[in-house]
Amino acid sequence: MTHIAAENLVVEYPVYGHGASSLRKQIVSLTTGGRVNTDNKIVTIRALDGVSFEIKKGERVGLLGHNGSGKSTLLRTLAGIYEPVGGSLSVTGRVSTILTLGAGLDPELTGYENIIRMGMMMGLSRAQAKELYPEVEDFTELGSFLTMPVHTYSSGMMTRLTFCLVTSIQPDILLIDEIIGVGDAAFQEKANARIRNIIDTSSIFVIASHSNDIINMYCNRVIEFEKGQIKNDHPL
Amino acid sequence: MKSIFGAVAEGWREEVVPSFKSLELALLLAWNDTQTRYRRSFLGPFWLVLGTAIGVGGLGYVWTRIFDIDPAVFIPSLSIGLVLWYYFTASIIEGSSHFSVKRDILLNMKYPTMLLAIQLVMKQIVTFGHNFLFVIVVLIIYRYSFGLNLLVALVGFVLVSINLLALVQLIGYLGARFRDLEPLVNAIMQPLFFLTPVIFRPEQLGVNSAILLFNPLAHWIAIVRDPIMGEAAPTISWYASIGTAIFGWLACLYITGAKRHRLIFWVN
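Chains as they are written, first to last, in the numbering used here: chain A, 1 to 236; chain B, 1 to 268.
Isolated chain A (complex conformation) (with noise of 0.2 Å):
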């Protein structure tokens, strides 16, 4: 049962650099005694400041705020990929990301290679990766591009490929930060069909995104946050 359920969640990122990073600093440290103690103290940023809400399948949330308010943080927190510090957070369901552009992509080989590359990353086997073929040449439209490197490829064209691929493993939930937005209007209307594809197999699909147009389009839920705390949650 595809859900996310997240209570009091608080993540906090250490910043080095400006503290204890480097190891002349640690050694110091050790001779001069406790005298650089106030030094030592590793300066820490919360991201996310007690946030609780709940998601159920068929929701399609946007996630809304100024820069460095909190929406990206959360996105990686629901994929696993930082720890909360403290809360509690329950994420039900395959997850699937997009969150920096052509990210797991090696720009050195082909979109064909692509394809087994990041199939293989996202825990398929090999020959499942490459039975994707078929459907990525459908709906990305690169033809005979796919055989080129990807570094050859324009951000719309890299948008398509990484959009396509990570949503053809099926995933419960989906989480996307902005690039939705690189691609042409006819990929717009591609990716809408696709996302809502996806939510009609009973899924979550969470977007960050700054435009208020990208939102109304994809979601029938907007969560606003202001340094790091929900502001505003309300459905579409």
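For the record, the hints were derived by calculation from the structure and aren't laboratory data. Not one of these hints is a red herring.
If you anchor each label on the Cβ, the simulated ranges turn out as follows:
1. A/Tyr133 / B/Phe214: 53 to 61 Å
2. A/Ser125 / B/Ile246: 31 to 39 Å
3. B/Leu150 / A/Ser90: 51 to 59 Å
4. A/Glu54 / B/Arg39: 45 to 53 Å
5. A/Ser144 / B/Ile246: 47 to 55 Å
6. B/Thr36 / A/Val10: 38 to 46 Å
7. A/Tyr133 / B/Arg39: 20 to 28 Å
8. B/Arg37 / A/Ser144: 19 to 27 Å
Residues from chain A that keep clear of chain B, each with C-beta distances beyond 12 Å, as calculated:
9. Pro134
10. Glu137
11. Val222
12. Pro235
13. Leu236
Since the structure is predicted, the reported quantities are computational estimates derived from the model, not experimental observations. Glycine included, C-beta positions come from ideal geometry on N, C-alpha and C.
For chain A, the structure is supplied; the task is to place chain B on it using the hints.
Leaving out everything else, chain B in the frame of chain A:
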């Protein structure tokens, strides 16, 4: 703060087990790395082999003259030693920064860090395999026989690689946390080269050869090189290599289990 035992257990359960279930993926990624490094190159990885060949040719010529040693012992010894040395240093030096290099993967999906270490070591084994072709040519030229001794050498190589994997993971974590480690490792590897019996034979040191006992790399080289050359490696070298493996793996499992959730912030 987790207990030491708890951290070791977590490192094993959450990192090592899932990583070894994805060995096929690590192999593919290692192959991808090798492929892309040489995509537009004519000789590809064989540039390295050529480099090794030139190194052995030059050093071998000069050294056999200066020290008046038997080329039939020295040249094969030098080739195997050098090829192993490249395998060690490339893994260790690359290991000291590889989590930062691969941060894109870590930042975008839940991915066992140990799998990245396996990928790195596998890539270096692929390179070693290329270099080893040159060693085989040298062994044929000097009429060495190929028999069961190669199986012993293979056991040695596996043991060395197990050691190296733990070291890469350990150095990877430390290097991600302390950025000074990478230049430090670079600075250490060069002098260490001269303290490791690559361009000399252990027996040439005479009484001073005791210092080699404290150099794990010397033991790692011995358990692979000696069997290939049809000699038995010193028993102490086998014990030492097993010892470093146990110690290295405990340290690597501990740091992995204790710090695997912190790593992402270290490379960020």
